[in-house]
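Chains A and B, in that order, give the protein sequences.
Under our numbering, the residues of the first sequence are numbered 48 to 161, in order.
Under our numbering, the residues of the second sequence are numbered 576 to 687, in order.
Possibly wrong hints are sitting among the right ones.
As the list claims (entries may be wrong) - From the structure, some residues in chain A lie toward chain B, with a derived Cβ separation under 8 angstroms:
hint, residue
1, G50
2, D85
3, G87
4, L137
5, F151
6, F152
7, G153
For the record, the hints were derived by calculation from the structure and aren't laboratory data.
The beta carbon of each residue, even a glycine, is placed where N, CA and C say it ideally should be.
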Amino acid sequence: DGGITQSPKYLFRKEGQNVTLSCEQNLNHDAMYWYRQDPGQGLRLIYYSQIVNDFQKGDIAEGYSVSREKKESFPLTVTSAQKNPTAFYLCASSPRSASRNEQFFGPGTRLTVL
Amino acid sequence: EDQVTQSPEALRLQEGESSSLNCSYTVSGLRGLFWYRQDPGKGPEFLFTLYSAGEEKEKERLKATLTKKESFLHITAPKPEDSATYLCAVQARGGSQGNLIFGKGTKLSVKP
Chain A
48 DGGITQSPKY LFRKEGQNVT LSCEQNLNHD AMYWYRQDPG QGLRLIYYSQ
98 IVNDFQKGDI AEGYSVSREK KESFPLTVTS AQKNPTAFYL CASSPRSASR
148 NEQFFGPGTR LTVL
Chain B
576 EDQVTQSPEA LRLQEGESSS LNCSYTVSGL RGLFWYRQDP GKGPEFLFTL
626 YSAGEEKEKE RLKATLTKKE SFLHITAPKP EDSATYLCAV QARGGSQGNL
676 IFGKGTKLSV KP
């Protein structure tokens, strides 16, 4: 069954800690993305990667870091430098072809800072 | 500046009462417009992609249409299970594939 998995579903972080959110896809998609969703706001792009070992900053990259060592995996680290990390984090992937460029989303991780 | 505005913010319908959701956009050349459905606490579920003005797509009780400035998501005879937040997003030509601009969504409630 092809799809995108994110773990954990819920994550609690103490102030000053770094935490890593996992995102894995078995859709053979080239491109992967991380978004943040806050109540009353649209999804905002944090980072994206169109190919292994390459990634670009989105609109709100400060306080976050990513890696793309494998095509299937795109983990997101929320560092202690992120001032307001409590949010719903969504990972997505896309086939990145000329004819299809829709993004497909995982189930999300809800991060809460204690 | 590229922008997406969805209206209304919230919509309450009775079961069977048809209506439409609006997505207005300003973008420097449209590459694609996307509709998603999102249930509480879950990731968005892809519904439709529209590429050019005049294009229409249908799926069950949903029909999406596109003009040069806006898209409509028409819901015919909705059922309570259609209750969700509907998200619209656009992608601009010339931008990187990461540039998907989302609206804030319309929260639809369908009462039996």
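### Task
Go through the hint on G50 (chain A) and say holds or violated, using the shortest Cβ distance to chain B against 8 angstroms.
10 angstroms, violated
### Task
Return the status of the interface hint for D85 (chain A): holds when the least beta-carbon distance to chain B is below 8 angstroms, violated otherwise.
10 angstroms, violated
### Message
Quick check on the hint: G153 (chain A) CB to chain B CB, less than 8 angstroms?
### Response
5 angstroms, holds
### Task
Let me know if the C-beta of G87 (chain A) comes in closer than 8 angstroms to any C-beta of chain B, holds or violated.
With a minimum Cβ separation of about 7 angstroms from chain B (threshold 8 angstroms), the hint on G87 (chain A) holds.
### Message
Holds or violated: the hint that F151 (chain A) contacts chain B, with Cβ atoms closer than 8 angstroms.
### Response
With Cβ-Cβ at 6 angstroms, under 8 angstroms, it holds.
### Hint status (Cβ of L137 (chain A) to nearest Cβ of chain B, threshold 8 angstroms)
Holds - the Cβ of L137 (chain A) comes within 8 angstroms of chain B, reaching about 5 angstroms at its closest.
### Query
Holds or violated: is the Cβ of F152 (chain A) closer than 8 angstroms to a Cβ in chain B?
Hint holds; F152 (chain A) Cβ to chain B Cβ min 4 angstroms, cut 8 angstroms.
When held up to the earlier numbered hints, the structure conflicts with 1, 2 and fits the remainder.
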